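Going down the list, the protein sequences come from chains A and B. Numbering follows our numbering, with no gaps: position 18 of the first sequence is 18. Count along the second sequence from 1, add 1000, and you get the number used in our numbering.
No wet-lab data here; the hints were simulated from the structure. The structure presented is a predicted model; accordingly, all values stated were derived computationally and were not measured. Just so you know, not all the hints are guaranteed correct.
Claimed, not checked - Just a sample of chain A residues kept apart from chain B, beta carbon distances all over 12 Å, derived:
1. Arg16
2. Gly67
3. Trp265
4. Glu328
Stated by the list, open to error - Stretches of chain A that chain B covers, calculated by requiring three or more beta carbons in the stretch to come under 8 Å of a beta carbon on chain B:
5. 29-36
6. 267-278
Ideal Cβ placement from N, Cα and C applies to all residues, glycine included.
Protein chains: 2
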Amino acid sequence: MDNFTFYSPTYFVFGRGTENEAAHYVTRFGGTKVLIHYGGGSVKRSGLLDRVKASLEASDIPYIELGGAMPNPRSGLVYEGIDLCRKEGVDFILAVGGGSAIDSAKAIAAGVPYDGDFWDFYSKDMVITEALPVGTILTLAAAGSEGSSSSVITHEDGMLKRGASGDAIRPVFSILNPELTFTLPPEQTANGVADIMAHVFERYFTNTKDVEVTDRLCEAVLLTMIKESPKAIKNPEDYGARANIMWAGMVAHNNLCGVGREQDWSSHGMEHELSALYDVAHGAGLAVMFPAWMKYVMKHDVNRFAQIAVRVWGCHMDYDNPENTALEGIKRLEEFWGSLGLPLNFRELGAKEEDIPFMVKNIGLKEGEHMGSFVPLYNEDIEKIYRLAL
Amino acid sequence: MDNFTFYSPTYFVFGRGTENEAAHYVTRFGGTKVLIHYGGGSVKRSGLLDRVKASLEASDIPYIELGGAMPNPRSGLVYEGIDLCRKEGVDFILAVGGGSAIDSAKAIAAGVPYDGDFWDFYSKDMVITEALPVGTILTLAAAGSEGSSSSVITHEDGMLKRGASGDAIRPVFSILNPELTFTLPPEQTANGVADIMAHVFERYFTNTKDVEVTDRLCEAVLLTMIKESPKAIKNPEDYGARANIMWAGMVAHNNLCGVGREQDWSSHGMEHELSALYDVAHGAGLAVMFPAWMKYVMKHDVNRFAQIAVRVWGCHMDYDNPENTALEGIKRLEEFWGSLGLPLNFRELGAKEEDIPFMVKNIGLKEGEHMGSFVPLYNEDIEKIYRLAL
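In isolation and in its complexed conformation, chain A is listed as follows (with noise of 0.2 Å):
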């Protein structure tokens, strides 16, 4: 196990109607002018919107809107976002909505009190220090930015989609309320579950030795989704469902399943890209490279896959050819992601052959750099683990 520090000091609310004690908690965390950050219109449709409002003028906190902020998350909301609230004078931002709306909202706080463009914490691996305070009201189970330290803008000046972090973004709070999600379609619920699972995946597959206890913690989150996400398909208003779902996946992303290891996070490299360039959701991207990475990766340790295929997919070892077993749990997965609705290639995904060297070209990566650490990815590697993919 490596050195690490842990901090997640995110305040956590979650059950039935939490939405209704925002106002509480933006007072609580010092927030006297708050700009309200959100999406498109279903959380205008549901009256999630207009009921957050009301939280916050009942308790005579000023606040001004700015909505609009879309999957994979754009530059331009964020530049108006800092804009509006250098003007306004707000001293906090709550996102109403999924990762999108919380990235967005996070870019915007580190954006407000820096003196540059807030694109450098994104292009220039810069650690976010100072930020306003964010608090969240989740809407969606998938990207786990409600706990995290991280954040990902499309830039539309080249449709660069990058990331950036510091514990100065963390929400200060999150309001997790599963019964906010019972309106998501199938398709949104799966692309959620794929984003969840990716993210535990990114850190399960490492090279670093005597991690026992964050395997373990990452096979539960594993378990968790395979057992509740068919039941919220099937019946979007299974609570219990939802909110198993909604914690995990805030546990698969607040980096305690990652602790103490080397992460690789390529697969997530390899999907930006696609998101770029086609708009399709993160998770569908997702469900359509992990399993091609898998497979291009697996021989550099087949024990570990084959550890995951049983634990976690329930297959028998195969003592005498380990490496039968951790390709069936690669095939376990693919046969879930499936059942889900969920993209398995480019072709079901809408992605094309001919754009590969595009997206290759476009990930940024000079000669003799690689991307990832469990297996060190370089350019014609993820060319042909794209290509694995059509």
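Once you've looked at the hints, dock chain B against the given chain A.
Okay, now just chain B, sitting in the frame of chain A:
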């Protein structure tokens, strides 16, 4: 799943050599005058105390010392610590040791700004809302106090052992270096193992439905303990085993494994009487009480006991008679704890049958009152469970 809040803001610093960063974190969390609080001679003999002092001196942070926190820490030292902190203008308490030193430090921290008797928090179910900040350097994986909001103190007047809690006494930082546990004798290591596993059991046995994610997280900790504990007993300097156990001990008790569900805690209540009366280690007492409690309450939810037997102990499910599986799981627990050298009954612990009525009485339940929630226990149940442990 029940509504819940989860808040674990402690900054964890984990790994080799991390105790040398103590001064950095004291300053980061606002400490300008420190009380170093510790237990017996081991932190002196090992040189740890000197290293911590050197770290503070190198950063020009003034400090005073108070040693003497013993297992089942006592009220007398807490009163002494409170007086000392007030007199010396201490604004930060750094606990160096195991759960006893940390629990004692938390009690002092709560007592300093409180006008009344600190024991009020322990005797009257008052939540602690104000306290000096506490940092910890952990030397024993067991109590989980390094990440918890609770503290247990024994009052010398009547040897009452009682707990108190509140977010204000959660450590602001905790330094966890597994190397600091290398010198623990097997007996103390084993006591810690029982304590950690017991913290999970108290949360696992619940009547709350739809808690798959927390079930799986509980099982993750238990599976880790089963794999790693024998390694640490056999080779005390097995860093990987010590590291996995140390982090599992934190996860077992910062309440991640317990959110959204009714918890029981009656075995802890019964054990507190054992350790208060005989001054035995808390973990040893838990190893005696838990199997007895399990046998007494098992029939209330045989399937839950069968689930843990299959998922954690690897038993085969007896579909014709799940009770056999449930019993097999309890037997495996006893065998496992026995293999680590833990006592499993009153005789092995040195407790006496004739003291049972006194212990039952000392728990303090009035006529018609109960403790626990999985199965409510009245005085007559408690007596029977103590007798099952003979």
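For each hint, the structure was consulted:
no.	hint	verdict
1	Arg16	violated (6 Å)
2	Gly67	holds (28 Å)
3	Trp265	holds (21 Å)
4	Glu328	holds (20 Å)
5	29-36	violated (count 0)
6	267-278	violated (count 0)
Consistency with the previously given hints fails for numbers 1, 5 and 6, ordered from lowest to highest.
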